[in-house]
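Participant: Single-letter residue listing:
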Amino acid sequence: MAEWINTIVQGVLLGGLYALFAAGLSISFGVMRMINIAHGDMIILASYAAIVGASYLKLPMLFTVVLVVLVLSALGYGAQRLVFNRTLGGDLLRPLLLTFGLSIVIRESLQAVFSADVRSVDVGPIATATWNLGAQINIGVLPLVVMLVGLASIAALQWLFARSRMGRSFRATSDDADTASLMGVDRKHIYALAMVFASAMVALAGVFLVMRTTVSPTDGPARLIYAFEAVIIGGLGSLWGTVAGGVVLGVAQAIGSRLDPGWGILAGHLAFLAILWVRPQGLFPTTRER
Amino acid sequence: MKPHPPARIAAAIGVLAIVAVASMPWWAERSSIHLAVEILATLALAQMWNLLAGYGGLLSVGQQGFVGLGAYALVVFGLQMGLNAFLVIPLAGLVGALAAALVAPLVFRLGGAHFAIGTWVVAEVFRLVVANLPFVSGGSGVSVAKTVMGMSAATRTSLTLWWALALGAGATLAVYLLLRSRWGLALVAVRDSERASRSLGIRVGRIKWAVWVAAAAGCAMTGALLFITKLRVAPDPAFSIDWTTTMFFIVVIGGIGTLEGPIIGTIVYFLLRQWLADLGSVYLITLGVITMLIMLFFERGLWGLWLRWVRWELFPVRRRLGPPRT
Numbered sequence: 001m002a003e004w005i006n007t008i009v010q011g012v013l014l015g016g017l018y019a020l021f022a023a024g025l026s027i028s029f030g031v032m033r034m035i036n037i038a039h040g041d042m043i044i045l046a047s048y049a050a051i052v053g054a055s056y057l058k059l060p061m062l063f064t065v066v067l068v069v070l071v072l073s074a075l076g077y078g079a080q081r082l083v084f085n086r087t088l089g090g091d092l093l094r095p096l097l098l099t100f101g102l103s104i105v106i107r108e109s110l111q112a113v114f115s116a117d118v119r120s121v122d123v124g125p126i127a128t129a130t131w132n133l134g135a136q137i138n139i140g141v142l143p144l145v146v147m148l149v150g151l152a153s154i155a156a157l158q159w160l161f162a163r164s165r166m167g168r169s170f171r172a173t174s175d176d177a178d179t180a181s182l183m184g185v186d187r188k189h190i191y192a193l194a195m196v197f198a199s200a201m202v203a204l205a206g207v208f209l210v211m212r213t214t215v216s217p218t219d220g221p222a223r224l225i226y227a228f229e230a231v232i233i234g235g236l237g238s239l240w241g242t243v244a245g246g247v248v249l250g251v252a253q254a255i256g257s258r259l260d261p262g263w264g265i266l267a268g269h270l271a272f273l274a275i276l277w278v279r280p281q282g283l284f285p286t287t288r289e290r
Numbered sequence: 001m002k003p004h005p006p007a008r009i010a011a012a013i014g015v016l017a018i019v020a021v022a023s024m025p026w027w028a029e030r031s032s033i034h035l036a037v038e039i040l041a042t043l044a045l046a047q048m049w050n051l052l053a054g055y056g057g058l059l060s061v062g063q064q065g066f067v068g069l070g071a072y073a074l075v076v077f078g079l080q081m082g083l084n085a086f087l088v089i090p091l092a093g094l095v096g097a098l099a100a101a102l103v104a105p106l107v108f109r110l111g112g113a114h115f116a117i118g119t120w121v122v123a124e125v126f127r128l129v130v131a132n133l134p135f136v137s138g139g140s141g142v143s144v145a146k147t148v149m150g151m152s153a154a155t156r157t158s159l160t161l162w163w164a165l166a167l168g169a170g171a172t173l174a175v176y177l178l179l180r181s182r183w184g185l186a187l188v189a190v191r192d193s194e195r196a197s198r199s200l201g202i203r204v205g206r207i208k209w210a211v212w213v214a215a216a217a218g219c220a221m222t223g224a225l226l227f228i229t230k231l232r233v234a235p236d237p238a239f240s241i242d243w244t245t246t247m248f249f250i251v252v253i254g255g256i257g258t259l260e261g262p263i264i265g266t267i268v269y270f271l272l273r274q275w276l277a278d279l280g281s282v283y284l285i286t287l288g289v290i291t292m293l294i295m296l297f298f299e300r301g302l303w304g305l306w307l308r309w310v311r312w313e314l315f316p317v318r319r320r321l322g323p324p325r326t
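First to last, the sequence lines map onto chains F and L.
Counting from 1, position 35 in the first sequence corresponds to residue 35 in the working numbering; the numbering is continuous, with no gaps.
Counting from 1, position 98 in the second sequence corresponds to residue 98 in the working numbering; the numbering is continuous, with no gaps.
Don't take each hint at face value.
What the hints assert, rightly or not - Sample of chain L residues facing chain F (criterion: CB under 8 Å; computed from the structure):
1. 185
2. 188
3. 284
4. 292
By construction, these hints were calculated from the structure, which means they are not laboratory data.
Please read all numbers here as calculations on a predicted model, not as lab measurements.
C-beta atoms are modelled at their ideal positions from N, C-alpha and C, and glycine is treated no differently.
Let the sequences and hints guide you as you build the complete structure.
Facilitator: Written as structure tokens, this is what we have:
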């Protein structure tokens, strides 16, 4: 029994990481109506940025996190302003194919610079620390921290989207970009700002990923798929939905792996397909597809 | 449509090329035949993806799923049931079509861009299921050399080449004929505006379904053929995303939504590989950067650039109002 509870707890905490993967994707879909195929590779890029900061430059971990978030946010603004914005507004084909190209460029560049080896960062004793709740139920401290940071940052984003002036522009642009422009919203700038927040979430996701486990340059596509599954399970455009989606996915994978180590990832995909089958709009949908 | 002189020249060149390739076993070296097989099989895959993404508006990132199923059709029907490898190819097409029809109700729940990643998940499910099936040797893979044991090397090479020709030229011709038919007109209408097409009485769902199933069959048949040449089937190479990445590069560079695009793209792809393959990552980075530039500045690829200056089409499938310009 305790083993199963531990499995579920691990799954829920893994879901916290997946929610971080998904939040950035949810923002870029929600505001720009753009599916970023390079999303997973950007997460891995952030992981390698953390490796450079923490292992090569020997910066303190907390400082590295802040630095990676700032660097990726700036890159995100630039990429949206200079590249992605040029492809938006027409059909879905151009942004999708553009980011497909970008995903390969990022992946192969990481491979060229860092080789195909798996890597990690040393975060000290917190990496293996656990917190015993009694009755043989243990909670990993690092996964718990990741979950809490994920929840806090998603709460902050939710507040920003629902309550702030900037959030109102985001929602207006998402609903009807042309009308929002008529009302004086600078669409290109709004898209770039949304990408700043998406990239900040990508940065957090990448840093926590490499703190929790190892990464290699080719890991991006799998992260994209998990992020996407969490978004669809949670419901399009809903930030809290990404948490629910991440948790469903994490628990499904944890239970699958418990039954047979080969079935973990498959169980996650099957949970996703099952939810798509019975509830295609996801658990908490807010954005309608156009 | 009125006769279109360049198209006639193209048709003549096409027939000559087909005859030349078909007679390769009598005049070419084995290494060139192998290269021809690879080029034609790649062309077949690219045409299938172009049909899906360029004409059907179905951006699939999951075609590797059907390539892999084709490869495993070879394991099941060829290796385990003892069928001749070359007879397995049409069966593989059937397997691909069936699988596509089975997953269609699921993936078509995802509209537009989400369809892309949904198909990818399906391909991953295929891979993971196959990798966990003991009767096809699971993750470690299996040799299919036995399926072509009885044949002489020359017969095997010729049959492989002719099948590759049938798939590569056949895919091009099939898409061409489709686009000149009423169905093709409906297909392009659906891509350009689903809502308007529906209001004109086009059965949008049925057309998309048909394209999805046909492309899956094409990819599965090509998959079976490709793995006859490789002689070893394992889940990771069979269901590798690289198959779809290759189709994507070729179609985008050549010109998405044009019939000539995949042909031009295949030529460019193999030329670039010849020059840059030794450089490893640099080769793929180059391809990635080229496709990004094309998506930013020349949406219709190299063929679109050509059409800007010269109005000659090799495969005239566009319908024009009024008298033709040439």
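Participant: It remains to establish, for every hint, whether it holds in the given structure.
Facilitator: Evaluated hints:
no.	hint	result
1	185	violated, 19 Å
2	188	violated, 13 Å
3	284	holds, 4 Å
4	292	holds, 4 Å
Checked against the numbered hints given earlier, the structure breaks hints 1, 2 and satisfies all the rest.
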